[in-house]
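S.K.: The primary structure of each chain is shown beneath.
2 protein chains.
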Amino acid sequence: MKQFSFKVIKEDKDTCARLGELVTPHGVIHTPVFMPVGTQATVKTMTGQDLEILGVEIILCNTFHLYLRPGIELIEKAGGLHSFMNWHHPILTDSGGYQIFSLSQLREVKEEGVCFYSHLDGGEHLLTPKKVIQLQIQLGSDIIMPLDECIGAQASTEETEAALRRTLNWAGESVEYFKTFAQDKQVLFGIIQGGKSIYLRKRALEEMKKLNFFGYAIGGLSVGEGKEIMYSILKFLSGELPADTPRYLMGVGTPEDILAGVENGVDMFDCVYPTRVARTGTLITWKGKINLKNKEYAYNFSPPDPNCSCYCCRHHSLAYLRHLLLADEILAPRLLTYHNLFFMLEFMAEIKRAIKKGNFLEFKNKFLSNKL
Amino acid sequence: MKQFSFKVIKEDKDTCARLGELVTPHGVIHTPVFMPVGTQATVKTMTGQDLEILGVEIILCNTFHLYLRPGIELIEKAGGLHSFMNWHHPILTDSGGYQIFSLSQLREVKEEGVCFYSHLDGGEHLLTPKKVIQLQIQLGSDIIMPLDECIGAQASTEETEAALRRTLNWAGESVEYFKTFAQDKQVLFGIIQGGKSIYLRKRALEEMKKLNFFGYAIGGLSVGEGKEIMYSILKFLSGELPADTPRYLMGVGTPEDILAGVENGVDMFDCVYPTRVARTGTLITWKGKINLKNKEYAYNFSPPDPNCSCYCCRHHSLAYLRHLLLADEILAPRLLTYHNLFFMLEFMAEIKRAIKKGNFLEFKNKFLSNKL
Chain A
0 MKQFSFKVIK
10 EDKDTCARLG
20 ELVTPHGVIH
30 TPVFMPVGTQ
40 ATVKTMTGQD
50 LEILGVEIIL
60 CNTFHLYLRP
70 GIELIEKAGG
80 LHSFMNWHHP
90 ILTDSGGYQI
100 FSLSQLREVK
110 EEGVCFYSHL
120 DGGEHLLTPK
130 KVIQLQIQLG
140 SDIIMPLDEC
150 IGAQASTEET
160 EAALRRTLNW
170 AGESVEYFKT
180 FAQDKQVLFG
190 IIQGGKSIYL
200 RKRALEEMKK
210 LNFFGYAIGG
220 LSVGEGKEIM
230 YSILKFLSGE
240 LPADTPRYLM
250 GVGTPEDILA
260 GVENGVDMFD
270 CVYPTRVART
280 GTLITWKGKI
290 NLKNKEYAYN
300 FSPPDPNCSC
310 YCCRHHSLAY
320 LRHLLLADEI
330 LAPRLLTYHN
340 LFFMLEFMAE
350 IKRAIKKGNF
360 LEFKNKFLSN
370 KL
Chain B
0 MKQFSFKVIK
10 EDKDTCARLG
20 ELVTPHGVIH
30 TPVFMPVGTQ
40 ATVKTMTGQD
50 LEILGVEIIL
60 CNTFHLYLRP
70 GIELIEKAGG
80 LHSFMNWHHP
90 ILTDSGGYQI
100 FSLSQLREVK
110 EEGVCFYSHL
120 DGGEHLLTPK
130 KVIQLQIQLG
140 SDIIMPLDEC
150 IGAQASTEET
160 EAALRRTLNW
170 AGESVEYFKT
180 FAQDKQVLFG
190 IIQGGKSIYL
200 RKRALEEMKK
210 LNFFGYAIGG
220 LSVGEGKEIM
230 YSILKFLSGE
240 LPADTPRYLM
250 GVGTPEDILA
260 GVENGVDMFD
270 CVYPTRVART
280 GTLITWKGKI
290 NLKNKEYAYN
300 FSPPDPNCSC
310 YCCRHHSLAY
320 LRHLLLADEI
330 LAPRLLTYHN
340 LFFMLEFMAE
350 IKRAIKKGNF
360 LEFKNKFLSN
370 KL
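Those sequence lines, one after another, are chains A and B.
Numbering that gives the first Met the number 0 numbers the first residue of the first sequence as 0 and each following residue consecutively.
Numbering that gives the first Met the number 0 numbers the first residue of the second sequence as 0 and each following residue consecutively.
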């Protein structure tokens, strides 16, 4: 029996938005989906039970972080990542390409891989395309990503081109190496890089399509290039990516960017945004963001969002949450994370309902003009 | 109808241990009871739902901390402490006497009260016996405590005597002032001080009994005086405290000290111990303490306590919990706090079962010799 499959259930008539079903050995994912980020084998502050109650269908963990701590060998001995963290629903692991470039100092990009020093203890490491595949096979995550080279929005065309060349070479090596394991418990996605250039994105796309990946990720966006460039690349890719494969927009994002992604046929999203801002006191609601540090909430005994039915909004007031935050109580990030994830899941559910009903564009416009 | 009552349900034949029922407007408390500490209107890392699932019947909050942040007026405007934190079971508030002496610098003890500077912003405050009663009436906690003067184990007899004299005067003022409110939603406990001296403890007891408190707290123990002195004072008081009133041993404690308290007729306990050590990586189990920082647990894929049925032990391994702790993940203190409170509640339940069965002493001896 085939353990993985993807099918488009419905296509929007006005846009490239679509409903899909991604079947994995650990469960079915209904797309468009938002994947909460559990970098270090935990979605910060949340238990697995919380995520199940929230209705989370897939989470993202990070190969780079887990490789440095606690080590992949330890996780393999625990029976793989699902067993280690006791999360028996789908997991996607990021290759760590992004983290090598954002966290590591003194890194050196070679043709065969990336040499870097750990941000934890300064130890020297070399990650090659093969090694990154090997590590993710040891982790046993459902969806795995090849090593790629991420560049910032400030990179020159030459730098972007050189990085793309390496990324394409590495993708080829990754596919070849992954094939040698001949197992059906994991699938590999290809990552489309190419920076701000439509020309390079097109080249990346053509080369990657030749490798017949199960799914395609769009990398190197939302890294400071600006909305206009990001949306134009999404639009270009929406017409060119194979229609019958899942499409994943990496590291995105905010509700606004997710709407742009969905409109351009993206099926999967991940971002630290809802969980990260929760830890600094920001609640995401249908009426906009609430920064609890703001004095105006000190005596506000209403819930953050009176229409929200999450545990946090059903039980607690802005005044109480603000007190917890200012008193450095762990319950503040915990409750805020729960609320923000609840919002994101609800937001994705509304997107799915709108596509189903055939009024996605109406929903998008209402949301952006704050008229829901 | 009387909103508060206390009755002894069963007395142990071999010791002063007893089962009791303490009825409050917010629910019935089955004694001996352990009260988790929620200093800042939150039991650190836990939601109210967690506490309900754990079977917590009463928590302790701290008047001193809440007075400084977020302020009592704010909590009163929220409808009182129960509403503010959305915990609709019993709450006991500590007067803050202990915190004034442990946290504040530059404090000055006067006959009329204590003048101190806030540890948060350095602001100057004067707390008098009346003010402390007033604050707790505004909070609306079920059981309230009068201002007392805590002294360390190093205090001289003269210092202890002077502190006791003030504590007794303040107790009288507190009772008089509390009476003027003529309400039946709260009860006031008296606090027996007197340091290490049986003579002073006896005097404290006699004077306090004259004031006819609803319950009596034993203060100023477990502050460095040593087990022998602590147990001898407990033994002395066990024969002298009114049998039909609840007895509360403040700030205690560890399972060992709770057993000594129960043996000497104590009904109520509170301590930061299980929640505080959780945050530094210690699990309390029936087989002793586990310090997760210990390397030996790195590859241990068994639960902390295979016989424990708490969420943490049913779902997670020592290796995973250790990873969370070393990676500074909030889920570590959260899961460890949950386990440690589960243990304490289970421990108190076992004590109650043993008293009911008439084998408390056997239970105590088996626990202390690690033979359960």
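Fair warning: there could be bad hints in the mix.
[Unchecked claim] Using C-beta positions, here's what the derived DEER-type ranges look like:
no.	chain 1	residue 1	chain 2	residue 2	range
1	A	Lys234	B	Lys288	19 to 29 angstroms
2	B	Val271	A	Gln48	51 to 61 angstroms
3	B	Thr253	A	Ile8	55 to 65 angstroms
4	A	Thr253	B	Thr253	44 to 54 angstroms
5	A	Lys356	B	Lys288	52 to 62 angstroms
[Claimed, not checked] A short list of chain B residues far from chain A (calculated; beta carbon distances all over 12 angstroms):
no.	residue
6	Asp49
7	Glu72
8	Ser231
9	Lys286
10	Arg333
Calculated from the structure, these hints are not laboratory results.
Please read all numbers here as calculations on a predicted model, not as lab measurements.
Idealized CB from N, CA, C, for every residue including glycine.
S.K.: Confirm or reject each hint.
M.R.: Hints and how they fare:
no., hint, result
1, A:Lys234 with B:Lys288: 19 to 29 angstroms, "violated (59 angstroms)"
2, B:Val271 with A:Gln48: 51 to 61 angstroms, "violated (26 angstroms)"
3, B:Thr253 with A:Ile8: 55 to 65 angstroms, "holds (58 angstroms)"
4, A:Thr253 with B:Thr253: 44 to 54 angstroms, "holds (49 angstroms)"
5, A:Lys356 with B:Lys288: 52 to 62 angstroms, "holds (57 angstroms)"
6, Asp49, "violated (10 angstroms)"
7, Glu72, "violated (9 angstroms)"
8, Ser231, "holds (38 angstroms)"
9, Lys286, "holds (22 angstroms)"
10, Arg333, "violated (7 angstroms)"
Of the numbered hints stated above, those contradicted by the structure are hints 1, 2, 6, 7, 10, listed in ascending order.
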